[in-house]
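S.K.: Once you've looked at the hints, dock chain B against the given chain A.
Protein sequence lines correspond, in order, to chains A and B.
Residues 5 to 249 (the working numbering) are what the first sequence spells out, left to right.
Residues 1097 to 1328 (the working numbering) are what the second sequence spells out, left to right.
Among the clues, some could well be false.
Claimed, not checked - Stretch-level coverage of chain A by chain B, calculated; a stretch enters the list once three of its residues show a Cβ under 8 Å from a Cβ in chain B:
id: 1; region: 89 to 95
id: 2; region: 101 to 111
To be verified - With a cut-off of at most 25 Å between alpha-carbon atoms, the simulated DMTMM-like pairs for lysine to aspartate or glutamate come out as follows:
id: 3; chain 1: A; residue 1: Lys113; chain 2: A; residue 2: Asp84
id: 4; chain 1: A; residue 1: Lys138; chain 2: B; residue 2: Glu1225
id: 5; chain 1: A; residue 1: Lys76; chain 2: B; residue 2: Glu1165
id: 6; chain 1: A; residue 1: Lys111; chain 2: B; residue 2: Glu1225
id: 7; chain 1: A; residue 1: Lys161; chain 2: A; residue 2: Asp184
id: 8; chain 1: A; residue 1: Lys113; chain 2: B; residue 2: Glu1099
id: 9; chain 1: A; residue 1: Lys76; chain 2: A; residue 2: Asp100
id: 10; chain 1: A; residue 1: Lys76; chain 2: A; residue 2: Glu21
id: 11; chain 1: A; residue 1: Lys111; chain 2: B; residue 2: Glu1217
id: 12; chain 1: A; residue 1: Lys245; chain 2: A; residue 2: Asp175
id: 13; chain 1: A; residue 1: Lys19; chain 2: B; residue 2: Glu1225
id: 14; chain 1: A; residue 1: Lys161; chain 2: B; residue 2: Glu1225
Simulated from the structure, these hints should not be mistaken for lab results.
The structure displayed is predicted, hence computed values, not measured ones.
Glycine included, every Cβ here is placed at the ideal spot set by N, Cα and C.
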Amino acid sequence: MHHLDIRNVRSAYGKTEVLSDVSLTVDPGQVVALVGPSGSGKSTLLRVLMGLNPPTAGEIHLDGERIDYQRKASVRAARDRMAIVFQQYNLFQNMDVMGNVTVAPVKIKGRNRREVEDEAGRLLAKVGLSDKHKAFPDQLSGGQQQRVAIARALALKPEILLLDEVTSALDPELVNEVLDTIRALVADGMTMLIVSHEMGFVREVADTVVMMDKGQVVEMGAPKEIIDAANTQRARDFFGKILRH
Amino acid sequence: MLERLANEIPRFFSGNNMILLLEAAGTTLLMTFLGCVIGFFIAFNLVYMRQTPGVFAAPLRLVAISYIEVFRRIPFLVIIYLVLFLIQAFVSNASLFSIAVIAICIYATAYTAEIIRGGFESVPRQQVEAATVMNFSRWQTLWNVIVPQAWPVIIPPAIAFMISFIKDTALVSQVGVFELTFRAKELNNQGYSGILVFGTIAFAYFTMSYPLTRFGQWLEARLASPGHQKRP
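Chain A on its own, in the form it takes in the complex (with noise of 0.2 Å):
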């Protein structure tokens, strides 16, 4: 049994279908990268998981109980079990750093708030923004701001941290401080399914790297036999494109 199973997934925006068939699994303490041109799903299978755009067709199981994306109390358990880091951040403007990562488990799951800013002060220091409580989110550079959301959705102690292309829109001078941030999280063992446009970080971290094109899956294995030796055609000329760079 897989920690998370997707099967035969399929979503739509409209009469458009974004993922058509995709299937795929992530295991405990693993990194599966997603990577595949823009428009070819990887964000929305990861918005599917967390019941932003509905799944037209297919299963998505937790630990072998299927998702019913139908049933608010289903989502909403998965909710409390998978966490997702967008790529414009998506910090609560009206709030400071403090108040964006501990706002969910104080109001939302009722727990101590002295416990919760506790444990957000080691997150915030494990981030690298331990002079930052106070801080609001227009005050901060986009890596920043990055590494506070990453901070807030740790803070919900998730099983599984879903990251959506989290530094493709920082400068490039900011880039580095994320990837170390998320680097530290693999070396604890994190268990993550990403999105991202960095090859040289995906062959670095991931365990896995899937390859989506079309709303499909089309390879799937180790960085080594993916990114350097694909065997489809689509595959090599995504990779052939992107390391030229």
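M.R.: Just chain B now, kept in the frame of chain A:
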């Protein structure tokens, strides 16, 4: 004519007349304030109803949208008469003041609902998604994320609306509420010069609106940056 005016001025600005006009100005302010504030709260709920998703909420959405669209397209004066005759049909001794407040409320609800909706929609969808994936309920998202970000957008036009309404309430003099314009007509009928009487209440309307306008501008400047209220 100037001579006549000069003779009338001391008599017009007598204690009695001034108390009458001050009371009337108070009535004008009070009914505007009550109608707009109550209207604001009803409008808030209408917008919440209107934005409730799902098939089962369709009747709620229909009610909210119909209300907003219909009452914004009826002249205020017509609403006043409609409320007057409807209420008098059921409650024969209803006070004119409460009828005026209800009419203002009906009208203010429809207009402020659009202001509130604009404020809610100014908050980026991604903010709501971030809350959704952390299991915020709709109500929790509204109070923790949307309202704190939307109110700087909502409050200035809502205040501007209320201020402009201070003037528009002159229309309720048509049904005989003892507000400013009605009293002016009375004094005019008593023989005071129309120029004097209406000149005076014009000044009164101005002195009620202007400070509030400045207050609104001050508030708008203060609200311009998000998170300002907690910043050192």
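S.K.: Would you mind marking each hint as holding or not holding in the structure?
M.R.: Outcome of the hint check:
For the region 89 to 95 of chain A, the assignment as covered by chain B holds, since 4 residues bring a beta-carbon within under 8 Å of that chain's beta-carbons and 3 suffice. Only when three residues or more bring their CB closer than 8 Å to a CB of chain B does the claim for the region 101 to 111 of chain A stand; here the count is 3, and the claim holds. A hinted pair counts as satisfied when its Cα atoms are at most 25 Å apart, and lysine 113 of chain A with aspartate 84 of chain A qualifies at roughly 9 Å. With a CA separation close to 24 Å, the supplied pair lysine 138 of chain A and glutamate 1225 of chain B stays within the 25 Å bound.
For the hint linking lysine 76 of chain A to glutamate 1165 of chain B, the alpha-carbon distance of about 33 Å lies beyond 25 Å, and the restraint is violated. Proposed proximity of lysine 111 of chain A and glutamate 1225 of chain B is supported: the alpha carbons are some 17 Å apart, at most 25 Å. A hinted pair counts as satisfied when its Cα atoms are at most 25 Å apart, and lysine 161 of chain A with aspartate 184 of chain A qualifies at roughly 20 Å. The suggested pairing of lysine 113 of chain A with glutamate 1099 of chain B is violated, with an alpha-carbon distance near 79 Å, which exceeds 25 Å.
As the CA atoms of lysine 76 of chain A and aspartate 100 of chain A are separated by approximately 30 Å, the hinted pair breaks the 25 Å bound. About 24 Å separates the Cα atoms of lysine 76 of chain A and glutamate 21 of chain A, which keeps this hinted pair within 25 Å; it holds. About 24 Å separates the Cα atoms of lysine 111 of chain A and glutamate 1217 of chain B, which keeps this hinted pair within 25 Å; it holds. Annotation: proposed proximity of lysine 245 of chain A to aspartate 175 of chain A holds, straight-line Cα distance about 21 Å (limit 25 Å).
Restraint check for lysine 19 of chain A and glutamate 1225 of chain B: the C-alpha separation of about 22 Å stays at or below 25 Å, so the hint holds. Note on lysine 161 of chain A and glutamate 1225 of chain B: the hinted pairing holds, with a Cα-Cα distance of about 19 Å set against a maximum of 25 Å.
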